[in-house]
Amino acid sequence: MFGANVKLDKALLERVRKYAKVAGYSSPDEFIAHAIENELAKLDEAKGEGSETDPAVLERLKGLGYIE
Amino acid sequence: MNRFTTTRPPLLILLALFAFCGLTGCKEKSAADGKKVLVLGCDGMDPRLVRRMIDEGRLPHFAKLERQGGFKPLETSIPPQSPVAWSNFITGAGPGVHGIFDFIHRDPSKQASPYFSTNKVTAEEKDPWLIPGTEYQYPRATATNELLRRGTPFWEYLDQRGIPVRMYRLPANYPPSESTHGHVCCLPGMGVPDALGSQGTFQHFSTKPRLESKGGEGMMLRIRKDFTTGAYVARLNGPPNEFERPAKGQTNPPEMFVNLNVYPDPDRDVAKIVYVNKAIKGVPDETVELVLDVGQWSEWKEVHFLKTPIGPSFGTMVRLYLQQVRPNIELYVSPLNFIPTAPAAPFSEPADFVEQIGEEVGPFYTQGFAEEFNGLKNGIFTDEEYRIQAAYVLEEGFRLLDYALKHFEDGLLFFYFSSTDLQAHMFWWDSDEPHPTRTPAEAKKYQGVIEDVYMEMDRALGKCMDALGDEATIIAMSDHGFCNFRRGFGLNTWLRDEGYLVTKSANQGCLYSDESEWMKTKAYGLGLNGLYVNLQGREKYGVVPAAERNALLEEISQKLLAIRDPENGRQVIERVYRTDQCYQGPEAVNAPDLIIGYARDYRASWNTCLGDYDKAVVMNNTNPWSADHCIAHDEVPGVVLSNRRLAAEGPALIDVAPTILNEFGVSAPDYMTGRSLFKAPAPRLAKR
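Sequence order for the protein chains is P and W. Letter by letter, the first sequence follows residues 31 to 98 in our numbering. Letter by letter, the second sequence follows residues 112 to 799 in our numbering.
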């Protein structure tokens with residue numbers, strides 16, 4: 031399935047096995063793949079998307095004299 | 112039996128006693144038992160100017176207080192911004208307890224997303240019920256308005272003991288804290304929005320050809336002639352009508368409006384303005400007509416926005432100012448204010464407190480920032496026009512003060528004036544350096560206006576002293592001082608130049624644009640004094656590991672302190688405060704990592720505050736907002752004077768609340784890091 035193997039230390043692998051079982055994943059591999067996909071999705075979102083700022087809020091704040 | 116030995120008072124004596132009480136209004140004594148404490152808050156009152164004017168004999172009542180008890184600088188908050196400072200006053204503790212660090216906070220879960228620090232309105236998502244066959248709907252969503260200041264306000268401890276508290280125009284208390292025992296009345300000031308939910312959006316109408324704009328500071332709009340009626344029609348914008356369905360393709364309901372029909376006199380500099388307050392079906396509409404000379408302000412005029420033919424109606428009030436009728440009609444309309452006697456949304460505590468005030472005083476500015484500085488900032492007002500409008504606000508303040516003193520029996524009375532701050536921002540200039548917008552003579556003239564305002568504060572103090580007498584404890588104080596704002600510092604531009612903040616290109620953009628490269632950014636600036644580390648695990652796209660935070664902050668701090676203004680070689684930043692060192696309390700975790708303490712003459716640039724960039728790192732301030740105080744806190748202390756001896760050394764804002772409590776025999780709770788102003792000094796060990 032993977033083009034490469036990834037090494038994990040024993041303690042981390044143990045935690046992966048434990049939580050994969052609790053969370054209902056079919057295998058630790060599936061849990062790891064899902065966790066990495068989630069992180070990658072966040073990074074994709076972070077790439078130059080800026081923050082979730084409501085322009086209406088910005089405009090209201092501009093009325094505060096101290097700010098333009 | 113001898114008639115004088117009876118155990119019951121003779122009937123005649125009883126009747127006389129009842130009559131006497133009816134005439135004098137005898138009331139059952141409150142738990143304050145006649146004890147009176149007055150705190151007169153003059154926002155931004157500066158100790159250097161007070162000192163000079165007392166010495167010149169121009170502030171006789173402040174001078175009397177000084178003789179009686181003393182006059183000292185009052186240490187302000189870090190940073191010295193009004194919502195932070197007044198929150199220090201309210202809680203008797205610093206930002207680590209009350210959680211207000213700036214006018215602007217950010218939501219780390221939304222990566223640098225800014226919001227107003229002192230209150231938050233959250234609307235629930237709920238589909239409205241559509242009313243078939245009409246363009247109307249019934250809104251089911253409700254909104255909650257939350258006061259974001261944490262901690263317990265000092266008056267809670269007076270309320271618990273039945274000691275009456277009356278507070279007028281109190282800043283940083285909107286929506287007002289609830290009076291849990293019913294002995295507290297509060298008319299909030301700073302923070303109360305206008306009826307559009309903003310901090311004061313004017314509407315300016317002109318027949319001059321120009322692009323219309325609707326911004327947070329104001330709306331620049333056109334007046335168009337209706338050739339059927341001959342009227343020039345100014346469309347006064349109201350809030351969105353949640354009872355009306357959004358237009359096709361739109362998500363938000365349409366804004367309500369009322370047409371102001373302007374009829375300029377063909378020969379004279381005067382105009383008639385006519386508009387209609389539509390009423391519900393079956394009730395006659397109200398036609399409002401007023402005539403204004405050029406240069407004249409109207410009285411408060413109610414403007415009602417009818418949401419559906421059967422109601423409800425959204426009531427507001429405005430003041431209109433006719434600037435010109437020829438060659439162009441220019442009409443300025445103040446922000447839409449809530450009507451004191453019938454507020455469209457409750458905002459005082461209790462809700463009817465503002466109504467009682469309005470019944471007796473008449474209409475007055477209910478929005479927190481009553482002075483219409485946005486008019487001057489945007490070139491709509493001249494300096495003189497702003498001075499006149501601000502003077503009106505001050506006059507209203509005196510009417511409110513008369514009401515407050517008349518209705519004060521005992522307990523605590525807090526009264527606040529904004530004039531010393533909001534006029535100072537536009538008129539203060541206390542050096543020979545070139546003013547951003549005025550000639551030297553004009554700068555001196557308008558600095559004189561500030562001195563006139565200080566004399567008015569002295570007059571207000573005199574009223575209080577006459578009304579309350581020497582037995583009352585009187586404290587006059589301010590939250591911070593003032594200084595010129597001549598040069599701006601582009602914090603985000605500097606961070607970008609130093610590689611701490613990364614953007615895709617050298618072009619502008621802002622923190623919220625797709626120019627930002629958050630995964631490479633270590634720090635960003637937001638608000639008037641805040642710098643945030645893009646910390647992993649805290650910020651949504653945080654990349655700086657916790658283990659590297661200290662070293663990064665040390666590095667940035669040293670570099671900031673080393674910056675010199677290329678114009679004159681001056682140090683731009685005098686102090687850099689680490690909030691993990693100067694704040695204590697549970698809210699400190701939400702604070703910016705650094706508070707930038709600018710030197711006198713300097714402040715965050717206009718673009719820095721909402722996460723934008725500048726072309727240069729240090730630049731001239733060219734805005735009529737020419738004075739400020741959001742700098743190193745020890746440069747702009749406030750003032751404290753009292754008719755009781757100010758025994759404490761180095762008094763601070765956090766000391767006022769414990770002082771008030773002690774005056775009523777109430778011990779200050781442990782979390783209040785302040786101590787009594789009137790007690791002999793003990794070492795100040797606690798952080799702010």
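Since the hints were made in silico from the structure, they are not lab data. Even for Gly, the Cβ is constructed at its ideal location relative to N, Cα and C. Hints may contain errors.
Claimed, not checked - The list that follows gives simulated cross-link-like pairs (lysine to any residue, SDA-like), each with its CA atoms no further than 25 Å apart:
#, chain 1, residue 1, chain 2, residue 2
1, W, Lys221, P, Arg47
2, W, Lys221, P, Ala50
3, W, Lys651, P, Ile62
4, W, Lys325, P, Ala86
As the list claims (entries may be wrong) - Partial selection, computed: residues in chain W whose CB lies under 7 Å from chain P:
#, residue
5, Ser309
6, Gly311
7, Pro320
8, Glu323
9, Ser324
10, Phe338
11, Tyr374
12, Leu639
13, Tyr643
14, Gln647
15, Cys693
16, Cys720
| Restraint satisfaction for Glu323 (chain W) [CB to CB of chain P, less than 7 Å] | violated, 15 Å
| Proposed proximity, Ala86 (chain P) with Lys325 (chain W) (alpha carbon, max 25 Å) | holds, 11 Å
| task | Mind checking the CB of Cys720 (chain W) against every CB in chain P and telling me if the closest is under 7 Å? | result | holds, 4 Å
| said: Tell me if the interface restraint on Pro320 (chain W) is satisfied: Cβ within less than 7 Å of some Cβ in chain P. | reply: Interface hint status for Pro320 (chain W): violated (24 Å vs cutoff 7 Å).
| request: Would you mind confirming whether the straight-line C-alpha gap from Lys221 (chain W) to Ala50 (chain P) stays at or under 25 Å? | output: This hinted pair is violated, its Cα atoms lying about 29 Å apart.
| field | Evaluation of the interface hint that places Ser309 (chain W) against chain P, nearest CB under 7 Å | value | Result: holds, 5 Å to nearest chain P Cβ.
| message | Run the distance test for Lys651 (chain W) versus Ile62 (chain P): straight-line Cα separation, threshold 25 Å. | response | Satisfied, since the Cα-Cα distance of roughly 21 Å is no more than 25 Å.
| If you take the shortest Cβ to Cβ gap from Gly311 (chain W) to chain P, is it below 7 Å? | Result: holds, 5 Å to nearest chain P Cβ.
| Under the criterion of a CB-CB separation shorter than 7 Å, is Tyr643 (chain W) in contact with chain P as hinted? | It is violated, given that the least Cβ distance between Tyr643 (chain W) and chain P is near 12 Å, above 7 Å.
| Does the alpha-carbon distance linking Lys221 (chain W) and Arg47 (chain P) stay inside the 25 Å limit? | Between Lys221 (chain W) and Arg47 (chain P) the Cα gap is close to 32 Å, so the pair fails against 25 Å, i.e. violated.
| said: Under 7 Å is the threshold here; is the Cβ of Phe338 (chain W) close enough to any Cβ of chain P for the hint to stand? | reply: The hint is violated - Phe338 (chain W) has no Cβ within 7 Å of chain P, the shortest such distance being about 34 Å.
| said: Holds or violated: the hint that Ser324 (chain W) contacts chain P, with Cβ atoms closer than 7 Å. | reply: With a minimum Cβ separation of about 11 Å from chain P (threshold 7 Å), the hint on Ser324 (chain W) is violated.
Going down the numbered hints, you'll see the structure goes against 1, 2, 7, 8, 9, 10, 11, 13, 14 and 15, while the others check out.
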